[in-house]
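From first to last, the protein sequence lines stand for chains A and B.
Here the first sequence is numbered in the numbering used here, starting from 1 and rising by one per residue.
Here the second sequence is numbered in the numbering used here, starting from 116 and rising by one per residue.
What the hints contain is simulated information worked out from the structure, not anything from laboratory work.
Think of the CB as a built atom: it goes at the ideal place given N, C-alpha and C, for glycine as much as any other residue.
Keep in mind that the hints are not guaranteed to be accurate.
Said to hold, decoys possible - Below, in silico cross-link-like pairs of lysine-lysine (DSBU-like), each with a Cα-Cα straight-line distance of 30 Å or less: (1) B:K183 with B:K172; (2) B:K152 with A:K78; (3) B:K173 with B:K157; (4) A:K42 with B:K137; (5) A:K78 with A:K57; (6) B:K173 with B:K137; (7) A:K78 with B:K157; (8) B:K137 with B:K152; (9) B:K173 with B:K152; (10) B:K173 with B:K186; (11) B:K137 with B:K183; (12) A:K57 with B:K137; (13) B:K152 with A:K42; (14) A:K83 with B:K157; (15) B:K172 with B:K152; (16) A:K42 with B:K183; (17) B:K173 with B:K183; (18) A:K42 with A:K83; (19) A:K57 with B:K183; (20) A:K57 with B:K152; (21) B:K137 with B:K172; (22) B:K186 with A:K57; (23) B:K173 with A:K42; (24) B:K157 with B:K172; (25) B:K186 with B:K152; (26) A:K42 with A:K57; (27) B:K172 with A:K42; (28) B:K137 with B:K186; (29) A:K57 with B:K173; (30) B:K186 with A:K42; (31) A:K42 with B:K157.
Unchecked claim - Now the in silico label distances, taken between C-beta atoms and shown as ranges: (32) A:M15 with B:N182: 44 to 54 Å; (33) B:K172 with A:M15: 45 to 55 Å; (34) A:S27 with B:A185: 37 to 47 Å; (35) B:K186 with A:R69: 34 to 44 Å; (36) A:E59 with B:E194: 24 to 34 Å; (37) A:E3 with B:E194: 21 to 31 Å; (38) A:S81 with B:E194: 44 to 54 Å; (39) A:P70 with B:N118: 29 to 39 Å; (40) A:M15 with B:K183: 38 to 48 Å.
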Amino acid sequence: EPEVTQTPSHQVTQMGQEVILRCVPISNHLYFYWYRQILGQKVEFLVSFYNNEISEKSEIFDDQFSVERPDGSNFTLKIRSTKLEDSAMYFCASSINNGGRSPLHFGNGTRLTVT
Amino acid sequence: GENVEQHPSTLSVQEGDSAVIKCTYSDSASNYFPWYKQELGKGPQLIIDIRSNVGEKKDQRIAVTLNKTAKHFSLHITETQPEDSAVYFCAALSGGSYIPTFGRGTSLIVHP
Chain A
1 EPEVTQTPSH QVTQMGQEVI LRCVPISNHL YFYWYRQILG QKVEFLVSFY
51 NNEISEKSEI FDDQFSVERP DGSNFTLKIR STKLEDSAMY FCASSINNGG
101 RSPLHFGNGT RLTVT
Chain B
116 GENVEQHPST LSVQEGDSAV IKCTYSDSAS NYFPWYKQEL GKGPQLIIDI
166 RSNVGEKKDQ RIAVTLNKTA KHFSLHITET QPEDSAVYFC AALSGGSYIP
216 TFGRGTSLIV HP
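Could you put together the complete structure from these sequences and hints?
Laid out in structure tokens, this is it:
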């Protein structure tokens with residue numbers, strides 16, 4: 001069964017540094033998402049992406065965050081200047097239609113640790 | 116926006132018992148309610164979903180019920196097995212958005 005893959009599985013960075021989290025969505029999916037999960041807390045929506053542009057974003061997704069689909073397969077999340085509170089699991093997801101018409105398929109996540 | 120409350124936060128059962136996880140939502144326009152299972156070290160995986168035009172859906176040992184009037188929906192797992200141990204998340208999709216809003220999760224522990 002096709003899967004969403006994320007790399008790296010664990011990223012450690014110093015406060016103030018830039019990080020890029022990478023995702024390869026399922027190949028025939030058209031909608032892409034980033035969620036994050038702070039340890040022990042709920043899964044929080046960050047941003048959705050469709051047709052090469054952001055379609056929806058949450059309050060968490062401020063100017064420090066950006067997303068890009070640089071080629072036909074990768075979908076990246078960049079955090080420009082990391083803060084301690086950015087430490088979390090970051091999940092990429094994709095869906096063939098929008099989330100109300102088809103389910104989201106999640107990757108296994110990237111654990112980001114900011115020191 | 117949509118607000119989803121989920122209870123309990125932790126549920127411990129003996130193998131073979133049933134488990135029930137309950138969620139409430141705030142937006143009466145919500146029309147799609149997926150449930151996700153998250154095993155240790157993995158991302159959430161869809162296990163069952165229900166749309167607002169039906170009141171119940173079953174898939175082998177799992178079932179979901181929806182009460183639109185009361186704005187709550189529940190996950191039922193029968194004949195639990197140790198491999199059912201995981202964190203379960205409910206989610207709701209409001210009519211004005213296609214982004215699921217997740218509950219806080221329920222850690223289900225099934226003791227052999």
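Taking the hints in turn, this is what the structure says about them:
With a CA separation close to 14 Å, the supplied pair K183 of chain B and K172 of chain B stays within the 30 Å bound. The straight-line distance between the Cα atoms of K152 of chain B and K78 of chain A is roughly 27 Å, inside the 30 Å bound, and the hint therefore holds. The suggested pairing of K173 of chain B with K157 of chain B holds, with an alpha-carbon distance near 25 Å, which does not exceed 30 Å. Between K42 of chain A and K137 of chain B the CA atoms are separated by roughly 15 Å; this keeps the pair inside 30 Å, and the hint holds.
Using a Cα cut-off of 30 Å, the hinted pair K78 of chain A and K57 of chain A holds, with the two alpha carbons roughly 14 Å apart. As the CA atoms of K173 of chain B and K137 of chain B are separated by approximately 16 Å, the hinted pair is consistent with the 30 Å bound. A hinted pair counts as satisfied when its Cα atoms are at most 30 Å apart, and K78 of chain A with K157 of chain B qualifies at roughly 21 Å. Restraint check: the Cα-Cα separation between K137 of chain B and K152 of chain B comes to about 14 Å, which is no more than 30 Å; the hinted pair holds.
With a C-alpha separation of about 16 Å, the suggested pairing of K173 of chain B with K152 of chain B holds against the 30 Å cut-off. With a C-alpha separation of about 19 Å, the suggested pairing of K173 of chain B with K186 of chain B holds against the 30 Å cut-off. For the given pair, K137 of chain B sits about 14 Å from K183 of chain B by alpha-carbon distance, which is consistent with the 30 Å threshold. Among the hinted pairs, K57 of chain A with K137 of chain B is consistent with the structure: their alpha-carbon atoms are about 28 Å apart, no more than 30 Å.
Of the supplied pair hints, the one linking K152 of chain B and K42 of chain A holds, its CA atoms being roughly 13 Å apart against a limit of 30 Å. Pair hint K83 of chain A plus K157 of chain B holds up; C-alpha atoms about 24 Å apart against a cutoff of 30 Å. Straight-line distance between C-alpha atoms of K172 of chain B and K152 of chain B comes to about 17 Å, which keeps the hinted pair within the 30 Å bound. With a CA separation close to 23 Å, the supplied pair K42 of chain A and K183 of chain B stays within the 30 Å bound.
Proximity of K173 of chain B to K183 of chain B is assessed by CA-CA distance (about 18 Å); at most 30 Å being required, the pair is judged to hold. For a cut-off of 30 Å, the pair hint linking K42 of chain A to K83 of chain A stands: about 20 Å separates their Cα positions. For the given pair, K57 of chain A sits about 28 Å from K183 of chain B by alpha-carbon distance, which is consistent with the 30 Å threshold. Taking the CA atoms of K57 of chain A and K152 of chain B, the gap is about 24 Å. The hint holds against a cut of 30 Å.
For a cut-off of 30 Å, the pair hint linking K137 of chain B to K172 of chain B stands: about 15 Å separates their Cα positions. Under the criterion of a C-alpha separation no larger than 30 Å, the hint pairing K186 of chain B with K57 of chain A is consistent with the structure, at around 26 Å. Proximity of K173 of chain B to K42 of chain A is assessed by CA-CA distance (about 26 Å); at most 30 Å being required, the pair is judged to hold. Only pairs whose Cα atoms come within 30 Å are accepted, and K157 of chain B paired with K172 of chain B is accepted, the gap being roughly 26 Å.
Note on K186 of chain B and K152 of chain B: the hinted pairing holds, with a Cα-Cα distance of about 22 Å set against a maximum of 30 Å. For the given pair, K42 of chain A sits about 17 Å from K57 of chain A by alpha-carbon distance, which is consistent with the 30 Å threshold. The straight-line distance between the Cα atoms of K172 of chain B and K42 of chain A is roughly 25 Å, inside the 30 Å bound, and the hint therefore holds. For the hint linking K137 of chain B to K186 of chain B, the alpha-carbon distance of about 11 Å falls within 30 Å, and the restraint holds.
Distance check on the hinted pair: K57 of chain A and K173 of chain B sit about 33 Å apart at the alpha-carbon level, beyond 30 Å; violated. A threshold of 30 Å between alpha carbons decides the hint, and for K186 of chain B with K42 of chain A the separation of about 20 Å falls inside it, so the pair holds. Restraint check for K42 of chain A and K157 of chain B: the C-alpha separation of about 15 Å stays at or below 30 Å, so the hint holds. Checked against the given bound of 44 to 54 Å, the beta carbons of M15 of chain A and N182 of chain B, roughly 47 Å apart, stay inside it.
With their beta carbons about 46 Å apart, K172 of chain B and M15 of chain A fall inside the hinted range of 45 to 55 Å. Judged by the Cβ atoms, the range 37 to 47 Å given for S27 of chain A and A185 of chain B holds: they are separated by roughly 41 Å. Evaluation of the 34 to 44 Å hint for K186 of chain B and R69 of chain A yields a pass: the beta carbon distance comes to about 36 Å. The supplied range of 24 to 34 Å is broken by E59 of chain A and E194 of chain B, whose beta-carbon atoms lie about 42 Å from each other.
Between E3 of chain A and E194 of chain B the CB atoms are about 28 Å apart, so this pair conforms to the stated range of 21 to 31 Å. Roughly 51 Å separates the CB atoms of S81 of chain A and E194 of chain B, a value that falls within the hinted 44 to 54 Å. Between P70 of chain A and N118 of chain B, the C-beta spacing of about 35 Å keeps the proposed range 29 to 39 Å intact. In this structure, M15 of chain A and K183 of chain B meet the distance hint of 38 to 48 Å, their C-beta atoms being roughly 47 Å apart.
Violated hints for the displayed structure, listed by number in ascending order: 29, 36.
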